[in-house]
Amino acid sequence: MLPTPSTSHVNYDRIYEPAEDSYLLLDTLVLSTETAFLKDRFPPATPSPLVLEVGTGSGVVLAFVTANAETIFGRADIATIGTDVNPFACEATAETVRVAVTEQAKVGKASGRFCDCVTGDLSTALKHGSVDVLIFNPPYVPTEALPEMPTHSEALGSASRDNFERDSRLLALSYAGGADGMETTDRLLGQLPDVLSKRGVAYVLLCKQNRPQDVLERIREWLGGWHADIVGTSGKKAGWERLCILRIWRP
Amino acid sequence: MKLLTINFLTCARKTCKSTPASFPLHPKEAELEQVETEMNPLFLRNILPRLDWEAMRMLTTELGLPNLPAETPAPEELVVATTTDLDAGNGDDRASGPSQMARDLHVLLMETSIASGKLVCGNCGHEYAVKEGIANFLLPSHMV
Numbered sequence: 001m002l003p004t005p006s007t008s009h010v011n012y013d014r015i016y017e018p019a020e021d022s023y024l025l026l027d028t029l030v031l032s033t034e035t036a037f038l039k040d041r042f043p044p045a046t047p048s049p050l051v052l053e054v055g056t057g058s059g060v061v062l063a064f065v066t067a068n069a070e071t072i073f074g075r076a077d078i079a080t081i082g083t084d085v086n087p088f089a090c091e092a093t094a095e096t097v098r099v100a101v102t103e104q105a106k107v108g109k110a111s112g113r114f115c116d117c118v119t120g121d122l123s124t125a126l127k128h129g130s131v132d133v134l135i136f137n138p139p140y141v142p143t144e145a146l147p148e149m150p151t152h153s154e155a156l157g158s159a160s161r162d163n164f165e166r167d168s169r170l171l172a173l174s175y176a177g178g179a180d181g182m183e184t185t186d187r188l189l190g191q192l193p194d195v196l197s198k199r200g201v202a203y204v205l206l207c208k209q210n211r212p213q214d215v216l217e218r219i220r221e222w223l224g225g226w227h228a229d230i231v232g233t234s235g236k237k238a239g240w241e242r243l244c245i246l247r248i249w250r251p
Numbered sequence: 001m002k003l004l005t006i007n008f009l010t011c012a013r014k015t016c017k018s019t020p021a022s023f024p025l026h027p028k029e030a031e032l033e034q035v036e037t038e039m040n041p042l043f044l045r046n047i048l049p050r051l052d053w054e055a056m057r058m059l060t061t062e063l064g065l066p067n068l069p070a071e072t073p074a075p076e077e078l079v080v081a082t083t084t085d086l087d088a089g090n091g092d093d094r095a096s097g098p099s100q101m102a103r104d105l106h107v108l109l110m111e112t113s114i115a116s117g118k119l120v121c122g123n124c125g126h127e128y129a130v131k132e133g134i135a136n137f138l139l140p141s142h143m144v
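Protein chains in written order, with full-length UniProt numbering: chain A, 1 to 251; chain B, 1 to 144.
Worth flagging that the hints you see were computed from the coordinates, not collected in a lab. Beta carbons: idealized from backbone N, C-alpha and C, even for Gly. Any given hint might turn out to be false.
[Stated by the list, open to error] With a straight-line cut-off of 27 Å between C-alpha atoms, the simulated BS3-like cross-links for lysine-lysine are:
hint	chain 1	residue 1	chain 2	residue 2
1	B	K28	B	K17
2	A	K198	B	K14
3	B	K131	B	K118
4	B	K14	B	K118
5	B	K17	A	K198
[To be verified] From chain A, some residues computed to sit far from chain B (all C-beta separations above 12 Å):
hint	residue
6	P3
7	L31
8	T33
9	E34
10	D40
11	E103
12	F164
13	L171
14	D186
15	Q213
16	W226
17	G235
18	P251
Whenever a hint applies, use it, and build me the whole structure from the sequences.
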């Protein structure tokens, strides 16, 4: 059992608190099936893979991947980068990664290399074809409408730190997914063929209401013959899996 | 933000993505800072093929930093023999360490950061602000 990165410094009034979904991502990435898949896809001595987490929140997932690169990829020479629409989440992520990497160093273990967490919408700031592994725990809860994105100037101002309305909206953005809980996820899926490299793979979390089977079938119809499978699931509730992790990859 | 990060970013506007001028972004009024971090020679060797060398050269020139060599350094340029007394050791691995080139690249890519300033798209001219080391790629709604 690998330690979960500490997020004790994170302010949960405006940043999503790690929950069952975050932990399912961690657990899935260290399944022997996934580590074998990733080691095979990114063998040592090939160029360093770039891992992007979209919507890092507290940074718990990106910190875990960075600190446990050796276990997950069989190599510590990976680069990691994050994006979030919430500038406070970007700050928190950098600190969560820093703490996790320091903890690893204390027990003599090498970590991957964290680049930065930038404020941005999904993967729009990334260069096309640059991302090898993309991880996304989306806002997946079906809601009537999507919350408004933070305004450009709002993201700039760390001056007004206390702002209840803004904070509630930032929190809502971390879970509210609009129709079928899929509005944001669908936009991200649409970006995958552009942003993923030739050896690219994505891990995307879905909930039951997102209709994972339909999503799988849609992806398998993409041009170029993409693969998609469910590779991790949470405990059963009333006979069905509430949460699952999709692995999506180029042939 | 680290200079390495800039190797992976472009203008966030859809209309700019397909034009070569949207990469690399150009630093403007950049305040640099140095954040020390331990060097990892293996990472350095395997990240080099991921770099757009021309872009990194342009970036260092625009920031007024020492010029990079014309071509991406070869892996053997990153190591140098550290023990001159070859009789001292019987293993081969311990006889090499990072070269000056490797140290310089580590400082440039992993330790040199933009603390504040702007990153400008060469295509549309939009300026992305960097504050407290964090770049903001959210676009004003009329530009999305």
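Cross-check of the supplied hints:
no., hint, in the structure
1, K28/B with K17/B, "holds, 20 Å"
2, K198/A with K14/B, "holds, 21 Å"
3, K131/B with K118/B, "holds, 9 Å"
4, K14/B with K118/B, "holds, 20 Å"
5, K17/B with K198/A, "holds, 18 Å"
6, P3, "holds, 21 Å"
7, L31, "holds, 25 Å"
8, T33, "holds, 25 Å"
9, E34, "holds, 21 Å"
10, D40, "holds, 17 Å"
11, E103, "holds, 15 Å"
12, F164, "holds, 21 Å"
13, L171, "holds, 17 Å"
14, D186, "holds, 16 Å"
15, Q213, "holds, 30 Å"
16, W226, "holds, 20 Å"
17, G235, "holds, 37 Å"
18, P251, "holds, 22 Å"
Checked against the numbered hints above, the structure violates none of them.
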